[in-house]
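Student: The residues making up each chain are set out below.
4 protein chains.
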Amino acid sequence: MKQFNEIDYTNIGAKRVGIGVLGYGFMGKVHSNAYLKMPYTYTDPPAHPVLIAMCGRDAGKVKDSAMRFGYKGYYTDWQHLVEDPRIDIFDNCANDYLHFEPTLAAIKAGKHVVCEKPLAKTVKEAKQLVKAAGEAGVKHMTCFNYRFLPAVRLAKDIIERGRIGTIYQFRGRYLQHSGHNPDEMLENVKYATVKGSGIMLGLGSHVIDMARFLIGDIKSVCGLSKTFVKTRKTMSGKNHHVEVDEANVAVVEFENEAIGTIESSGVSTGHKNQNTWEINGSKGSLMFDLEDLNHLYVYLEDEQNEDVRGFTKISVTEPSHPNPCLILPRGHNAGWEYGHVHALSHFVNCVLNDLPVAPYGATFEDGYRVQVIMERLKESSETGRRIQLTF
Amino acid sequence: MKQFNEIDYTNIGAKRVGIGVLGYGFMGKVHSNAYLKMPYTYTDPPAHPVLIAMCGRDAGKVKDSAMRFGYKGYYTDWQHLVEDPRIDIFDNCANDYLHFEPTLAAIKAGKHVVCEKPLAKTVKEAKQLVKAAGEAGVKHMTCFNYRFLPAVRLAKDIIERGRIGTIYQFRGRYLQHSGHNPDEMLENVKYATVKGSGIMLGLGSHVIDMARFLIGDIKSVCGLSKTFVKTRKTMSGKNHHVEVDEANVAVVEFENEAIGTIESSGVSTGHKNQNTWEINGSKGSLMFDLEDLNHLYVYLEDEQNEDVRGFTKISVTEPSHPNPCLILPRGHNAGWEYGHVHALSHFVNCVLNDLPVAPYGATFEDGYRVQVIMERLKESSETGRRIQLTF
Amino acid sequence: MKQFNEIDYTNIGAKRVGIGVLGYGFMGKVHSNAYLKMPYTYTDPPAHPVLIAMCGRDAGKVKDSAMRFGYKGYYTDWQHLVEDPRIDIFDNCANDYLHFEPTLAAIKAGKHVVCEKPLAKTVKEAKQLVKAAGEAGVKHMTCFNYRFLPAVRLAKDIIERGRIGTIYQFRGRYLQHSGHNPDEMLENVKYATVKGSGIMLGLGSHVIDMARFLIGDIKSVCGLSKTFVKTRKTMSGKNHHVEVDEANVAVVEFENEAIGTIESSGVSTGHKNQNTWEINGSKGSLMFDLEDLNHLYVYLEDEQNEDVRGFTKISVTEPSHPNPCLILPRGHNAGWEYGHVHALSHFVNCVLNDLPVAPYGATFEDGYRVQVIMERLKESSETGRRIQLTF
Amino acid sequence: MKQFNEIDYTNIGAKRVGIGVLGYGFMGKVHSNAYLKMPYTYTDPPAHPVLIAMCGRDAGKVKDSAMRFGYKGYYTDWQHLVEDPRIDIFDNCANDYLHFEPTLAAIKAGKHVVCEKPLAKTVKEAKQLVKAAGEAGVKHMTCFNYRFLPAVRLAKDIIERGRIGTIYQFRGRYLQHSGHNPDEMLENVKYATVKGSGIMLGLGSHVIDMARFLIGDIKSVCGLSKTFVKTRKTMSGKNHHVEVDEANVAVVEFENEAIGTIESSGVSTGHKNQNTWEINGSKGSLMFDLEDLNHLYVYLEDEQNEDVRGFTKISVTEPSHPNPCLILPRGHNAGWEYGHVHALSHFVNCVLNDLPVAPYGATFEDGYRVQVIMERLKESSETGRRIQLTF
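Respectively, the protein sequence lines represent chains A, B, C and D.
Position one of the first sequence corresponds to residue 1 (the numbering used here), numbered consecutively onward.
Position one of the second sequence corresponds to residue 1001 (the numbering used here), numbered consecutively onward.
Position one of the third sequence corresponds to residue 2001 (the numbering used here), numbered consecutively onward.
Position one of the fourth sequence corresponds to residue 3001 (the numbering used here), numbered consecutively onward.
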């Protein structure tokens, strides 16, 4: 190996951060991918994360997943994971019902904490996490990844600079169709299983967070939720009674007087992952669609000559746009995974440089407020009344 | 004029029908255009309408309008129009506040009656028109023109043949932006003027009718309405207090258990005339956008091979599609005006051949039910309660 | 008929113009529709055309067609039509092979002449028509209807004001699919029949005219033409050898150094009537699609802030846009037929007010040049050489 | 670290493969990203690549790049890189003018070789690489990454199963706009610099490869190339005479009688990275757009009921579609980078399991043929003649 220059990785210094991930499934992989991509996504990356350990109950599966990403090792019990002193950031990618307890333990162990959305299964638990994280003085983020997509960040900037004026209306929806077929086996309709949380927690939470992120807090809600397929067969031939919601529609009113609709559905046939929103203001409008995530559609009345006004389709991929990526020149589209890449890079940056996670990142407080809104929407659906919110 | 063969129009016989139109403005012109196009739009047209008279209070303006279309003459008082014995069909294209009285008089004079939407300003008036038309035994149609667009009719056919299965969800909205700018003069924001009826009556009525037409009756509603620009300057420099609604959002539940959202807005910046709806069923979905009215977007799970499933963009312009037009070959797009051409041709056909206006045409009963729903939505917005409907 | 005000149509005066149309088929109907709509399409219409006569060889069919539009009568021999002194404008909507002789006769009879595209079947004939019309001093227009669509006219304006800078590239194509299926009966593939002229004359001529209209004259061409289905069955079971072209592709160079591609096809499966073009200039770009004819897509680099640049979708339906229509408010889409409405209104206006048909209307000179280009493209396909044009 | 299970990576065995990459710029990064993602992109990954070394002349820059991806080390001279015995695959991501010599050296050193497109700067060099690789018996791939996008692979499958019938037409183009502004500094217009290869080699090569991949070999070409901005200022204030092409248009004929257009441009204002193609066959059509890379648009006449035929927008993201990704569920869009991930995984798989690179991967023979076509197009542009190809 003539003239080979070996790189010494032991000496990168302060820019290293130890990562422990609970959960080796879809989300565990997506977060791991984000940590791996961090060093080469940015001109000046926040860190070279060190993937310390993954954790999951099935030793074979967690080992397989950990090896794919190059983790140093793995745990089968989260209580050992949260105690590992090499870990700076505890990242909870486990099932929704495992968000509360391990995250709380990690906070108590002094770890900075990321938790996938929804923050918890109940308002009470979410509140407790907010309190604990505040008291411990650790950084905390509810992983609402879509806030960090460049097109969404550009929208946020446009709104904040007043370029669409006073906001009148919001309409947001998140539609999938895994449950549309009544004959689909329960196991293929994850949101409907015993471990599933239903559609509002899974998809609606994203829409609610986006509404709050872009427009501000919500002051009243009135919702209607449905379960269309009340019984599903399991692969073992049993009948399972579906307890969770499959579709939700709601009208909301924001603190700033804007009104809106919020929808989420697991039975919107034909829609694989449609998460769209639109905002109308007195001077302009913005539209986004997750299945076309590199583009933002913008109408800015004061910024176009009168004869050529209309919605402009912006490829939000210029180096001057938010969150540019080193390996993606203009027009070379980023994939869905970049929401997490940017979100986790932001969090790592906040941890290493002691910066505030808000307003771009969703804190546990944001996660908690989304939880409150979801509970009130359910209550509204049951009582048939519009509910004024208090947090 | 060697060998010129003069056509004798006096002897076309039963296929002639006398038309009297109240109103010479936008709608009066659009209906007149429809009558003129009727003979050459269809292979076998229902009639060669005879344009007897237009009616309006301003003699100069009504004459100008009448001459453009070739009317035999004009009236300046609707009470004379409804008495003209040459008139078979009384077509009310006047301002909303003039829908009730002249239509009632025409019914009493034994005319078949078409009335622009909304049928009336109140539920009470609408109910009275339904009763009168029923007793008189005349044909009656509330002119919900969008039912007759070929793409909408194809959607209706697809639903009725069960091709999208059980219907789960509807989302419909009608968005314009004439009022988005708070500094816009009152006179340019027609819905907000003294003669204006607001956005729900003007635009929301279309969405509600479409929902009922395609899915069936609604059993409960919960709405929220807003007026964002509460004061507008008039051209004479006065301040006008805007009484009407500018934006409406609602969640509804249908008799068949489907749920939906219904929206209408006059302040949706960037939208000139966006009237879109989407329907999700257990086996497929349908989408339509009025600003792209020749196309229907269809997802039919059982009718596509698995690897190529997705929404199909259908140009609904084949001779085998509903309501084909003689002068428009496939792919040669029909304009917005064809909703009225087909609607009024349908009505003329019903009159001449004693056919039922329903289910394709909206009767006065349909107009009445839309009116009920609009009143309940307003009530719901005020009380914050979901309201169960009775008709 | 109490208080009925009868309108006297005999006395409209100078704003009347007598129309004679040769051909009662598709184009005859479309032109007649345009004349009928003229009076109510514009705030100040150029005329109330008087539909004098249609002409066609089949007496029954021409009478039926003439009656649908309210013509005074009909002829069965075009030689009588061109002599009718009541006729001011002779409008040739006959089959391509009947463009030359009757148009020449009408010119000689002193009529102003409109001829459907292509102007003739050969360059020689086209040249002769140009000469004759020039000598007779009559107004002449080759009916390239798409020039008059509001979106196209807006494009023309944008280019002329230099808003897209120096033009680099053009790409235009007109795709239909009536011939895509080799088993389709000859009679259903009109372009391939004995009376058919092939795809270049039928569709390619439109693209070539649009290229010249928007960019300027072409200086060299290199083309390739194909007939994919060389034999078709007729309904009577015979084999027909297809002589005409079915698909054409070409690269062209404009006088102003821009380069481009021009395509036309009758075998582009899935395309009913796709006529799209795009123009790239140093400061902006324009795109149009006939199947979405109310919109123009515009990128104007100097007219948008840097972070929100992209193609803007303009609904070219504002009253301030070119060729607004009285019965179509903003966002209420015009149909395909309006190309002819505006084209023929322009011509009538030129006739009545002695205005030049060019540059907005295509004169016979334009029709002739398109014919030259088509012949050179065919020659180029055969010889495999790029050909420099002379006119 | 209680109960921590450390992973032993030394013993993964045959599924490891050593990678050496020449070039640390855009392409070097993109290929490195692909190797990093390989293990967790697939249910059963072809290998866990070991990133041995990057190579580049600037030691500081190559070290920085190598560290971001975790390479063991780096070289500053490619002659040492090709000799490193730990390297199984030599991956040439250097500038176009460095494709030939190092690749040839690597072949001679017995390495399996990947080379970015275009394979070489001349036909002669390309031919020599084909010969050398064949003689050495190493695996070789020209990195035409777009072949491996799931939507493109689905298109290939559809064509091969005859679902679109006999192919009539192809139209492909690759448009960017880095050079559209004549005042843009030379350094920002990479294709125009001394090291730049022009647009045909940079972008046109992709279109030509795609045409050959999906339709088959080309038998004749006729092209036209232009340089619109003949002089550009450099940042140091000098004038640079641009020698390379900026825009190319061509008509081609395929061996199977299909015809097509091929375009590439660096001055198509408004287009950041538009690489679209369309194929029309006797039974269906396919359309693709790189800026919407997760979708394929398909028209399959025999596979849809007559009333609902049209282009279907397929989200090619199902587990049953080609090249599914473990971390991307349906509707969760893959980014542009996955072309390389799948291409390089394919190559690694071919190397480790001795499988043929063709037909899904482009071999050096494919790279050579693309080179021939590009040279003939240039020749055709200069001579004005259609050229019959021989390879």
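FYI, nobody ran anything at the bench for these hints, they're computed from the structure.
If you're wondering where the values come from, they're calculated on a predicted model, not measured in any experiment.
Among these hints, one or two may not hold up.
Derived contacts from chain B toward chain A, CB cut-off under 10 Å, selection only [unchecked claim]: (1) 1137; (2) 1185; (3) 1229; (4) 1233; (5) 1265; (6) 1305; (7) 1309.
Taking lysine-lysine and the DSSO-like style, the derived pairs with C-alpha atoms no more than 30 Å apart in a straight line are [unchecked claim]: (8) 3063(D) <-> 3131(D); (9) 3131(D) <-> 2283(C); (10) 3378(D) <-> 15(A); (11) 378(A) <-> 1378(B); (12) 2283(C) <-> 3378(D); (13) 283(A) <-> 2313(C); (14) 2283(C) <-> 3190(D); (15) 3238(D) <-> 2283(C); (16) 2131(C) <-> 2195(C).
Positions of the beta carbon are idealized from the N, C-alpha and C atoms, including for glycine.
Student: Confirm or reject each hint.
Tutor: How the hints compare with the structure:
| no. | hint | in the structure |
| --- | --- | --- |
| 1 | 1137 | violated, 41 Å |
| 2 | 1185 | violated, 15 Å |
| 3 | 1229 | holds, 8 Å |
| 4 | 1233 | violated, 15 Å |
| 5 | 1265 | holds, 6 Å |
| 6 | 1305 | violated, 15 Å |
| 7 | 1309 | holds, 8 Å |
| 8 | 3063(D) <-> 3131(D) | violated, 34 Å |
| 9 | 3131(D) <-> 2283(C) | violated, 46 Å |
| 10 | 3378(D) <-> 15(A) | violated, 51 Å |
| 11 | 378(A) <-> 1378(B) | holds, 23 Å |
| 12 | 2283(C) <-> 3378(D) | holds, 27 Å |
| 13 | 283(A) <-> 2313(C) | holds, 17 Å |
| 14 | 2283(C) <-> 3190(D) | holds, 19 Å |
| 15 | 3238(D) <-> 2283(C) | holds, 24 Å |
| 16 | 2131(C) <-> 2195(C) | holds, 26 Å |
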